[in-house]
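K.L.:
The chain contents come next:
There are 2 protein chains.
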Amino acid sequence: MDSIPILTLKRLPRYLEELYRFKKAGLKMVSATKIAIFTDVHMTQVRKDLSYTGVVGIPKVGHKIDELIQAIEQCLNWNDISSCFLVGVGHLGRALMGYQELSKKGLRIIAAFDNKAELSGMYFQGIPVYSMDKLANLLSRLHVHIGILTVPAEAAQSVADIMVAKGVIAIWNFTPVKLTLPEEIIIENIDMSSSLAVLSRRVAERLHVNKGK
Amino acid sequence: MDSIPILTLKRLPRYLEELYRFKKAGLKMVSATKIAIFTDVHMTQVRKDLSYTGVVGIPKVGHKIDELIQAIEQCLNWNDISSCFLVGVGHLGRALMGYQELSKKGLRIIAAFDNKAELSGMYFQGIPVYSMDKLANLLSRLHVHIGILTVPAEAAQSVADIMVAKGVIAIWNFTPVKLTLPEEIIIENIDMSSSLAVLSRRVAERLHVNKGK
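Chains as they are written, first to last, in the working numbering: chain V, 1 to 213; chain A, 1 to 213.
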């Protein structure tokens, strides 16, 4: 499987969203130009990105929408649901356990872990919660490759270390911590704190300036 | 209020997390060097970032932890809870409505909106849900400045347009859509789809390579 550039991977879901809309609207064919206009990405870039999917368009006509959707979903590995574990059943963890978009996009949380004794044995959205001391053993036994990290900052590194030691190759990190892990481990960070920090500060700056006027 | 560089704003919450931990551990003072080690940011950068908070450290001793926490929280506008509206009460929207970290970090969702008739009049986590046709009117009346966007992609731009027309100056955008809005509008994007796309693909590439061996 060829490696696809990271920026292409980040744009493919945007194309998909538009393709789903075109399909819903009853269209059968689409040109790269049209995708470019609707996603606000340059046409040359769209063409280049689409070339990674292996789908060949018809000159002056474009691509079959169904074929393109299937090819992009395949590229993103969305057809092949990967099982994963989630560690940290707080507010954010529970939110993700209930977020059904994940399974549509190839990720299925099959178990969750938390060190709060009162949570173990419970189910959220049909997903069982186990105590933390079961994590290492279950990771080894079930050959789970992906871990979602929604623990408090102070636990992030140590939990990530356990995951990696037991065969996890990719971590979706929702903590603000910059994890230190072997180079080959795939880490994707979603840092809501940083994003909110930027937003709050910019709003404060703007409102303050206006008051000063 | 002086403008703080965006990368500094993104690092400040990480420093805060560590400062909360130091405080919890009973420490009173902390040096920039120590913050640098724990956050994996270069010491020169930490010093520069902290200078924006206006707190002056004592040479060879460092900063009072309490003072630094307060100064950073102030910088991030976390003391001053800003009211905001959320539009799109699907899985992600509900998750955010239940995510209590937000109010700790200066953002309080006071109302939510959705075009599904069966949702209006309901409450999630104590937050009322109104029908979409009330959005414009309530935005004007309550002078809300921040909007959280958790609608499906196809509705993102039109809802954002309504928000901006009615006085919203900042949008926290959880849709994969690149919004086209007046330049002065503050937009922060959290694109979980892109992040998951990168993760899934990288995992597929890795597992495929290993199978090939």
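Be aware that one or more of the hints could be misleading.
In this list, chains with the same sequence are indistinguishable; a pair is considered to hold if it fits within one copy or across any two.
[Said to hold, decoys possible] Here are the simulated BS3-like cross-link-like pairs (lysine-lysine), alpha carbons at most 30 Å apart as the crow flies:
1. LYS34 with LYS178
2. LYS10 with LYS64
3. LYS23 with LYS64
4. LYS116 with LYS24
5. LYS28 with LYS178
6. LYS178 with LYS104
Simulated from the structure, these hints should not be mistaken for lab results.
K.L.:
For each hint, tell me whether it holds in the structure or not.
P.N.:
Hints versus structure:
1. In the homo-oligomer, the alpha carbons of LYS34 and LYS178 lie at most 30 Å apart only across protomers (16 Å), although the nearest pairing inside one protomer, at 39 Å, exceeds that limit.
2. Only within a single protomer do LYS10 and LYS64 lie at most 30 Å apart by alpha-carbon distance; the minimum there is 22 Å, versus 42 Å between protomers.
3. With identical chains, the CA atoms of LYS23 and LYS64 are at most 30 Å apart within one copy only, with a shortest distance of 10 Å there and 59 Å across copies.
4. Proximity of LYS116 and LYS24 under a CA criterion of 30 Å is satisfied inter-copy only: 19 Å between copies versus 45 Å inside one chain copy.
5. In this assembly of identical chains, the alpha carbons of LYS28 and LYS178 lie at most 30 Å apart only when taken from different copies (24 Å versus 44 Å within one copy).
6. In the homo-oligomer, the alpha carbons of LYS178 and LYS104 lie at most 30 Å apart both inside one protomer (28 Å) and across protomers (21 Å), since each shortest distance falls under that limit.
The structure meets every hint from the earlier list without exception.
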